[in-house]
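J.: In order, the protein sequence lines correspond to chains L and F.
Positions 536 to 1144 (the numbering used here) are the ones given, in order, by the first sequence.
Positions 536 to 1144 (the numbering used here) are the ones given, in order, by the second sequence.
Heads up, some of the hints might be wrong.
For chains that are exact copies, the list does not tell them apart, and a pair is met inside one copy or across any two.
To be verified - Result set (DMTMM-like, lysine to aspartate or glutamate): computed pairs, CA atoms no more than 25 Å apart in a straight line:
(1) Lys1105 x Glu1125
(2) Lys875 x Asp858
(3) Lys1105 x Asp1140
(4) Lys756 x Glu1008
(5) Lys1119 x Glu794
(6) Lys1041 x Glu827
(7) Lys875 x Glu832
(8) Lys1105 x Glu1067
(9) Lys818 x Glu801
(10) Lys797 x Glu752
(11) Lys702 x Asp1044
(12) Lys1105 x Glu1072
(13) Lys782 x Glu874
(14) Lys1119 x Glu623
(15) Lys629 x Glu1125
(16) Lys819 x Asp838
(17) Lys1017 x Asp1044
(18) Lys1119 x Asp858
(19) Lys769 x Asp858
(20) Lys1047 x Glu780
(21) Lys782 x Glu827
FYI, nobody ran anything at the bench for these hints, they're computed from the structure.
2 protein chains.
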Amino acid sequence: MTKADALRRIAARLRIHSLRMTTRAGSGHPTTCLSMADLMACLFFSEMRYRLNDPEDWGNDEFVLSKGHAAPILWAAYAEAGIIPETELLDLRKISSRLEGHPTPRMNWVKAATGSLGQGLSVGVGIALAQKLGHSPGRTFVLMGDGECAEGAVWEAAGAAAHLKLKNLVAVIDVNRLGQSEATMHGHDLGAYARKFRAFGWAVHRVNGHDIPAILEAFKKVRFSGVPAVVLAKTVKGKGVSFIEDKNGWHGKPLKEDELEKALRELGPMPAVDSKGSVRPPKKALRPGSKETFAFERTAYADKTATRLAYGIALEKLGRVNDRVVALDGDVKNSTYAEKFFASFPERSFQSYIAEQNMVGMGMGMAAKGYIPFIATFAAFLSRAHDQVRMAAYSFANLKLCGSHVGVSIGEDGPSQMGLEDLAIFRPIPGCVVLYPSDAFSTEACVEAAARQPGIFYIRTTRPATPLLYSREEKFAVGGSKVLRRGDGDSATVVAAGITVLEALKAHDELKSKNIGLRVIDAYSVQPLDVETIAREVAQTGGRVVVVEDHFPGGGLGEAVAAALAGQAKILHLCIRELPRSGKPGELLEAYGISSSHIVRAVHDLVRP
Amino acid sequence: MTKADALRRIAARLRIHSLRMTTRAGSGHPTTCLSMADLMACLFFSEMRYRLNDPEDWGNDEFVLSKGHAAPILWAAYAEAGIIPETELLDLRKISSRLEGHPTPRMNWVKAATGSLGQGLSVGVGIALAQKLGHSPGRTFVLMGDGECAEGAVWEAAGAAAHLKLKNLVAVIDVNRLGQSEATMHGHDLGAYARKFRAFGWAVHRVNGHDIPAILEAFKKVRFSGVPAVVLAKTVKGKGVSFIEDKNGWHGKPLKEDELEKALRELGPMPAVDSKGSVRPPKKALRPGSKETFAFERTAYADKTATRLAYGIALEKLGRVNDRVVALDGDVKNSTYAEKFFASFPERSFQSYIAEQNMVGMGMGMAAKGYIPFIATFAAFLSRAHDQVRMAAYSFANLKLCGSHVGVSIGEDGPSQMGLEDLAIFRPIPGCVVLYPSDAFSTEACVEAAARQPGIFYIRTTRPATPLLYSREEKFAVGGSKVLRRGDGDSATVVAAGITVLEALKAHDELKSKNIGLRVIDAYSVQPLDVETIAREVAQTGGRVVVVEDHFPGGGLGEAVAAALAGQAKILHLCIRELPRSGKPGELLEAYGISSSHIVRAVHDLVRP
């Protein structure tokens, strides 16, 4: 049997599996699997190299299914390779199965969850970058749909890949002409895609996506591209089954039992072929050994310091003791102070330019290969990558994000630059840790905690310089808090974080002069929240609590405390309740109701009988 | 004086204003203003046509400053045109001033807030589309920075503009080579930008951005492009002041007083010129008259109907009575049922393909010109446009968004397709209305309410068909709620919305059989929340309340209720607390703790002494 014949048989098997799986599940996207079956056969059973028993082998080629709705054919390919039992395919989409409707790393060969279109190429850029950084001989293949090429994130990734000279990155686009609800913008005009990718610095190879020898030839050419390469494959949605081929209205619809029978008759009997034997092992490669500790020498701050600056200083020190730490910037490194890491470790620093979606997607890819990415930009601009953050959570990614310039305390630059919804992005995600330090010492502790504990961390930093509240030795546990002021007979508790801790301390002093005791808690761990301490302290102050935060009302510290203390406390919530404007930081804290004078007033309102 | 001489003088005046304003304010971005001064002079005082006393004149050319940090020169141009007094310029960035650090529509010529980079072109696409739709002779000019071209949203907009054949759209890129923290990806390589825009279907014109006759010539060529056109202008950051020209490290820094004096000496005295007299009025044009009522004939539903389907049916009916309503889709119109509007009103329907950022940005632009855009996609994918939603709020935009397929109730497609953080996107925004109907009748009412009331609305719809709970005549006020079950001596209240209302009703029936009364509230208006009703009903049931929602814990209905009832109630919050997986809808509601059986258990926990 020629190689092409064997691959044709494998492709037929992948088609048959995909149809059966989706009919059995009663949902799914069979037609989008059929268009890419020949491409998948050539990739998994000829071009790609991977160690069947080790998804983490450092020499592996990596695969990202950006068009995640084609998950069935990915699971089918793993079954053909012998990685999962063929019988398991019929568990597709069951609640007990790792074979979900769209890929997630519950199946251990999947490096990042996909299904929100247009994200896979960024993940691929990150993986390819990690391979390059770690001297892996592996390449990264990203299989994309044509429809998702409308997503801007694709072009952020395309630009980054060319700029980073990732010749080990290969995109394969299944141009099957049909989107979900109608034809795509460019239909079968491969030239339109070719012009775009070429303009973005890629090598372009066009091919009939159902002609196996032609596909193999295209992949051969790709190896010598010297730049990121894209294979534009002209395909037919539903290929192989006459009554669904190239027809609109069949997206995301499984065949009914009788339609399946008819389709299987057209495809013929399951052909015999040694799929598993066709898999090519990778070249030998060792994951680079590296320094890996987390405790770095803390800085002996002596004066007011912005927490964003402390973040930068801490990150640089972390970089000295841990080679797995990498830093990504979106052209604001002189504001977030990631520039300190960039200056000391240029080879582990990646300028992502003003393209936050790709920056986070790249981070996901690097994390999937074992690096610990620290990604910093203005908190406001992380909203640009909300969907990537969401998918990072479904990817169980070990990603560390820092948002600087939060709240109205940034001052004159105005609302577009103020992070006022960032806590509401990160808090909802189960398991996401959200830290919001109020001084330089606690910021350094937060950076160490983020590096040490796996998972998604979000660190919120402030623009203006703020006084030191702690000592260099103070410990800050994830899930902890600090009671900064406590007196017998305190009348109320104020729960604050970041910039508002300072306002709370001022309010404490002012109230003290009037003989009213105010307990002050620094809730630096916004999530998990230190419910035990807060509940205990609040109970000791008559169940009266003021929560004050530089954030919009929803999804922040105030609602976290309200949810935690429901029924146990009378809460006044001070936060930004209007669309703010430009002004001086102090003026804005006052105008929007989160300054010490407002705290004082709120305490008076609470203690008034 | 030749025209070019006059424009050179105007450009000099704009430079001097920009420097003075930022020095006075003590912050801001003078160097980025200086690079584009000659372009601004040519645009505002030669090429663009607008009615000085009417920013809403239907014949006006429109201008979007995508590089919002250059706001000072925009304010300076308005001062030169006589639209604002020159003395007002020195109020830049004061808390009392409409001249904010980045443009917002507090200054009434600004059609959309900018400052989060890469969004302006989408807004421009929307404005140009509105001009085309309303037969305005006006064109739309978008002035962009080179750095922001790394943003994917720019390429979503570029693709859409070409596809929509917007020959009335002109982008001008100030290629000044320097970003905030270092040189941009392409520096002064204009060819790189030219290749990209050409590949995306645009006419490209290259020019020296400081050569006024050449700029005028380029704009003349633009008029005959027949497709969207971009003017790539090679410029020097800080142009005109030797010690800051083309120097890194000067982004976002005002000159000190002595530096300003030195700079002003270099620029020479403020030249005399009749700027205002150079402004060209627009061609006469009338805003199209239109049918505009909001009350449409309600559907006589007789059977189970998905709220997403009712959304589609209602939107089509609204379209019949209101010509200002337009619909935008991100290639899921057969899932959101926007397809019904598309079928009836193709001329007011815009396929945005899989590019949610541009879809929302386009909607902002259309809203700014008086249309009422209804934008629908899967709720999960609105997270992709979070930053645009944020900026729409700062733009005071009249935008209606619908997110379908929310929560685990979508079933087998898995987590990437489940809207589980959408409430946390929309609730924090002050003034944003969030409606989450539980049946077809209430959905139709929500669509009408959204059209009728200006501002940002978010309507959350559900995938599976659900029973009818109300009558065709029932009224649903914004800020209201419905008490669906109430009995004397009810033991607890359950607050639900959407799919969980049905689970609450089931729980009610089950508890009734055990002689436990459960009050059931449909909180369809998640924001504003009907605090009065909820507080009253909860108080009547012993302060015991269960909140149940198909959403992650943070930022949703549970925290809204907790914040509203703080201190007044014992609350149990049922929501999705893990990263969910594929499965059948009923299984998932059960597995993740928001089904009727969990409500029953929660009520037992609450009433247990």
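J.: With reference to the structure, classify each hint as holding or not holding.
T.: Now for the hints, and whether the structure bears them out:
In this homomeric assembly, Lys1105 and Glu1125 come within 25 Å of each other (Cα to Cα) only inside a single copy, at 23 Å, whereas the closest approach across copies is 33 Å. For the identical chains of this complex, Lys875 and Asp858 are intra-copy neighbours only, at 16 Å inside a copy versus 56 Å across copies, given an alpha-carbon limit of 25 Å. Proximity of Lys1105 and Asp1140 under a CA criterion of 25 Å is satisfied in both settings, with 11 Å inside one chain copy and 23 Å between copies. Proximity of Lys756 and Glu1008 under a CA criterion of 25 Å is satisfied in neither setting, with 58 Å inside one chain copy and 67 Å between copies.
Taking the shortest alpha-carbon separations for Lys1119 and Glu794, only the inter-copy value of 23 Å comes in at or below 25 Å, while the best intra-copy value is 68 Å. With identical chains, the CA atoms of Lys1041 and Glu827 are never at most 25 Å apart, being 41 Å at best within one copy and 54 Å at best between copies. For the homomeric pair Lys875 and Glu832, the shortest alpha-carbon distance inside one copy (16 Å) is at most 25 Å, but the shortest distance between copies (63 Å) is not. Taking the shortest alpha-carbon separations for Lys1105 and Glu1067, both the intra-copy value of 17 Å and the inter-copy value of 17 Å come in at or below 25 Å.
In this assembly of identical chains, Lys818 and Glu801 lie within 25 Å of each other by CA distance neither inside one copy nor across copies; the values are 40 Å within and 64 Å between. Taking the shortest Cα distances, Lys797 and Glu752 never come within 25 Å of each other, neither inside one copy (33 Å) nor across copies (65 Å). Within a single copy, Lys702 and Asp1044 get their C-alpha atoms no closer than 61 Å, and across copies no closer than 63 Å, so neither meets the 25 Å cut-off. In this assembly of identical chains, the alpha carbons of Lys1105 and Glu1072 lie at most 25 Å apart whether taken from the same copy (13 Å) or from different copies (19 Å).
Only between protomers do Lys782 and Glu874 lie at most 25 Å apart by alpha-carbon distance; the minimum there is 18 Å, versus 53 Å within a single protomer. Within a single copy, Lys1119 and Glu623 get their C-alpha atoms only as close as 62 Å, which misses the 25 Å cut-off; across copies the closest is 18 Å, which meets it. In this homomeric assembly, Lys629 and Glu1125 come within 25 Å of each other (Cα to Cα) only across copies, at 14 Å, whereas the closest approach inside a single copy is 54 Å. Neither within a single protomer nor between protomers do Lys819 and Asp838 lie at most 25 Å apart by alpha-carbon distance, with minima of 52 Å and 63 Å respectively.
Within a single copy, Lys1017 and Asp1044 get their C-alpha atoms as close as 18 Å, which meets the 25 Å cut-off; across copies the closest is 46 Å, which misses it. Proximity of Lys1119 and Asp858 under a CA criterion of 25 Å is satisfied in neither setting, with 41 Å inside one chain copy and 44 Å between copies. Taking the shortest Cα distances, Lys769 and Asp858 never come within 25 Å of each other, neither inside one copy (43 Å) nor across copies (41 Å). Within a single copy, Lys1047 and Glu780 get their C-alpha atoms no closer than 78 Å, and across copies no closer than 54 Å, so neither meets the 25 Å cut-off.
When the C-alpha separation of Lys782 and Glu827 is checked against a cutoff of 25 Å, the pair qualifies neither within a copy, at 54 Å, nor between copies, at 39 Å.
Of the numbered hints given earlier, the model fails hints 4, 6, 9, 10, 11, 16, 18, 19, 20, 21; all others are met.
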